[in-house]
Amino acid sequence: MQLLEEILEKTDGKICPHCLGRMLSKSVEGKDNVSRAESLDVELKGECIICGNIFDKIDDELFDKIYDKLDFLKVEFDSFVVGSRIDKDLQKRDEEFIKSLDLDVEPIKKEINRIIGKRLEEELEKEVNFEKQDIIVNVNLIKEPKVRVQINPIFIEGKYNKLIRGIPQTKWPCRKCRGRGCEECNFTGKQYPCSVEELISEHILKATDGYEAKFHGAGREDIDVLMLGSGRPFVLEIKEPKIRKIDLESLEKEINEINQGKTQYHNLKFTHRNRKAEIKVSSPDAYKIYKALVECEETYDKDKLNSLSELGEIHQQTPIRVSHRRADKVRIKHVLDLSCEVIDDTHFEMKIKTEGGLYIKELISGDEGRSQPNVADTLGVKAFCKQLDVIEVSDK
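Per the working numbering, the very first residue in the sequence shown carries number 65; after that it's consecutive.
Since the hints were derived computationally from the structure, they do not count as laboratory data. Note that the coordinates shown come from a computational prediction; the quantities given were computed from them, not determined experimentally. Wrong hints could be hidden among the right ones.
In the DSS-like style, the derived pairs of lysine-lysine whose C-alpha atoms are separated by at most 30 Å in a straight line are [unchecked claim]:
1) Lys326 / Lys138
2) Lys129 / Lys156
3) Lys173 / Lys207
4) Lys133 / Lys393
5) Lys173 / Lys235
6) Lys95 / Lys173
7) Lys326 / Lys425
8) Lys210 / Lys133
9) Lys223 / Lys95
10) Lys109 / Lys152
With beta-carbon atoms standing in for the labels, derived distance ranges [claimed, not checked]:
11) Val345 / Ser387: 21 to 29 Å
12) Lys306 / Arg242: 26 to 34 Å
13) Lys174 / Asp288: 52 to 60 Å
Glycine is no exception: its CB is placed at the ideal position from the N, C-alpha and C atoms.
Take these sequences, add in the hints, and give me the full structure.
What follows is the structure, encoded as structure tokens:
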């Protein structure tokens, strides 16, 4: 076979069965690369000039290190993949050798990962899954073999209600110490005692023995705004969970009992990584419904309330109150439906359905002309939002 002769000539026979079988993987039949090489009955000598006999490092001692690491972490998993690090010069030699013979064969790291993965599958009775895995076993073979286990996060989807004012959606670091802890924040490092995020995450972290939680909401309401109705969608990301199998139904019940009167969480279920991005992207059909208590500086003309239903396309420059953290630009949003109920000469209640991203407080006040058209200008009196509730966030 001409290719075999070329390989032996280029290496002077200094090539290991793994590398020889790999180079001939498209030409010679065999259950694996070693069996292909052995079927050729050729004499191989010395240290492999391609890999430096790196496959000798994949021995019982290496697997003992892997098992010791898994035992130490006490990590629960059903699926995994193997990743490896090898010397850059070795990798380059392998690539150049393959290229010199114009071969279409797998690189050396792929075989290393497969050999380790196959044995772990058999001995641990776990599954290699390239699409979705619970852990990644990383093996560093550059010098003395080292093992690191990466625990992939879990994602829990649900909806929340916020039943009292004064609770932010996520943890706010103290403005003065930026989370380090000072007298101003009573050494908590927090601007507010609790948040929607913390009131669920502390319990999920305990159940999963996780390292950290990150809250991803489908938008957010201001700290002084209630979140009512069916709730706002969210995804809770738990990083490095050592326990993955938890009873979300009973945990949901327990969390809601503890937080009764403050926050409630519904329909908790496991979801996928992409879901945290999906809930943040509004589709053209997405909407939100609010209930606002409007207070006017002086008596308003009740007959003009009907004209508020004509508010349609709204041009909103970034509100003054959030300009420090959001890009200053004009956003075009639409009012989809609006109705009013008179309370007295200076107050009325407004129920409004809008596209997501429309600032309701500024729609009412006008925000010094940055929101056009607006409720205050339409009524001809200064007006502001005294109280706001979110009563529906669409699932779309």
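Hint check:
1. Lys326 / Lys138: 35 Å, violated
2. Lys129 / Lys156: Holds - the C-alpha atoms of Lys156 and Lys129 are around 27 Å apart, at most 30 Å.
3. Lys173 / Lys207: This hinted pair holds, its Cα atoms lying about 15 Å apart.
4. Lys133 / Lys393: 51 Å, violated
5. Lys173 / Lys235: Outside the cut-off at roughly 42 Å; violated.
6. Lys95 / Lys173: 18 Å, holds
7. Lys326 / Lys425: Since the Cα atoms of Lys326 and Lys425 sit roughly 23 Å apart, the hinted pair holds (cutoff 30 Å).
8. Lys210 / Lys133: Holds, at roughly 10 Å.
9. Lys223 / Lys95: 51 Å, violated
10. Lys109 / Lys152: Cα-Cα ~24 Å, so holds.
11. Val345 / Ser387: 21 to 29 Å: Between Val345 and Ser387, where Cβ atoms are some 24 Å apart, the hint holds.
12. Lys306 / Arg242: 26 to 34 Å: With a Cβ separation near 30 Å, Lys306 and Arg242 satisfy 26 to 34 Å, so the hint holds.
13. Lys174 / Asp288: 52 to 60 Å: With Cβ atoms ~56 Å apart, the hint holds.
In the structure shown, a violation is registered for the earlier hints numbered 1, 4, 5 and 9, in ascending order.
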